[in-house]
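Asker: The residues making up each chain are set out below.
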Amino acid sequence: MEALSIQGTAKTPSVKFDGKEGVIEIKGRSIPENSIEFYKPLVEWLEKYSDSPMDLTQVNVQLEYFNTSSSKCILDVFKKLEAIHKGKSEVIINWYYEEDDEDMLEAGEDYESIIRVPFKMIEIVE
Amino acid sequence: MSFDINEYYSKLNGGDVLMAFKGSISSELISNVLEVVESRMDEYSESSKIRKKVYNVLVESLQNLYHHIEVLPDEMQKEFDDKFGILVVSRQDDRYKITTGNFIGQEKVDVLRNKIDKINSMSKDELKDMYKFILNHQRLSEKGGGGLGLVDIARKTGNRLDYTFDKYDDAYYFFNLDVFIDFT
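Residue numbers (this note's numbering), protein chains in the order written: chain A, 1 to 126; chain B, 1 to 184.
Derived from the structure by calculation, the hints contain no laboratory data. All C-beta atoms in this analysis are idealised placements derived from N, C-alpha and C, irrespective of residue type, glycine included. It cannot be assumed that every hint is accurate.
Computed, partial: chain B to chain A, Cβ under 7 Å [claimed, not checked]:
no.: 1; residue: Ser48
no.: 2; residue: Ile69
no.: 3; residue: Phe133
no.: 4; residue: Asp152
Away from chain A, derived, C-beta distances all over 10 Å, residues of chain B [said to hold, decoys possible]:
no.: 5; residue: Ile5
no.: 6; residue: Glu35
no.: 7; residue: Glu60
no.: 8; residue: Met76
no.: 9; residue: Asp94
no.: 10; residue: Gly105
no.: 11; residue: Leu112
no.: 12; residue: Arg113
no.: 13; residue: Leu135
no.: 14; residue: Asn136
no.: 15; residue: Leu148
no.: 16; residue: Asp166
no.: 17; residue: Leu177
These stretches of chain B come out as covered by chain A in the derived footprint (C-beta under 8 Å, 3 or more residues) [stated by the list, open to error]:
no.: 18; stretch: 96-103
no.: 19; stretch: 115-129
Chain A on its own, in the form it takes in the complex (with noise of 0.2 Å):
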C-alpha cells in the first residue's frame, strides 16, 4: 500500500504513514481553524490500512502545538488504531513531549484513557 506523506506548515503537521513499515508520524504544529480538511485523508489512509496491517504498527505522536480542533481529529485517528489493535496485530502510541510541557503529557493521558491502545509516554530532553 502507497505511503501517505505530507510536508508540514506553519499550522499542519508534517506527516509520513508507511504501511510496508508499520510505522506512523505526526509530527509539529496542528493548529488551522478546520482541521478536518487535513485529518480526512489519514484516516482514509487507515481505513485501507486496517484491511491488512503489519503485525505491529508504531506510532510516534510529536507535537509541539495542537488546537482543540485538531484534537477531535486527532482522536478519530486513534480511534481507527484501536480499531486495527482489536483484531490479530499490535499497535504502539509512543506521545512524545518536551519535558516541561506539562499540558502536552496531560493531553497524551487523556487519550489514553479514552483509547484502548497502549501508550508510551516519552519525555524530549534537551
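Following the hints, put chain B in place on chain A, whose structure we already have.
Answerer: What follows is chain B alone, placed relative to chain A:
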C-alpha cells in the same frame, strides 16, 4: 449612553502591549498574530513553558473569535469590518493578559454567560472530565469548532475567565473576555 467601542479599545493598554488589533478576524490575520507574538516573546526570553501556554491560549482565543463571530447587519457594517473582533495581548508584572472582544447577538448572551459561569465554578479535575467528555462525545461543527476552546483555556491557565457583556443596541452586545496566564 450605549457602548463606545473606541473608548473601550483605548482603555485596553495596561502593561506592555505585545499586540493590539481591531478589525476583521481572518485565517491570515491569525497566522500573522501568532508569528508576531511568538517573536515578541522571544525578545523577552520567556521560558518555553510560558511561551507554550501563551501560544496555546492565544490560538484558542483567536479561533474562538474566528468560529463564533456574527455576521453584522448592514448598518453596523458601515462602522465595523466584516468579522469584526478585537485582540490585545499584554505582558504585566506577573502574568500575560489576552483580551478578545466581539459582538454577540442578544439571544446568545445567556447561553454563553451560563457556560462561562459553569466553567469558572469547576475544579481542575472537573474541567479535565468535562474536556474529555466533550472530546469523546461531541462532533466538530462544519467550520471546525468543537465547543472545547473555553474549557481548554480554563484548564491550561488554571484561572477564571473574566468577562463582560456590554449592551450595544437592542439586538447586540459586546462580549469582552480577559484570560490570564500567570508566570508561575
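Asker: Run through the hints listed earlier and report the numbers of any the structure violates, in increasing order.
Answerer: Hints 2, 3, 6, 7, 13, 14, 15, 18 and 19 contradicted; others consistent.
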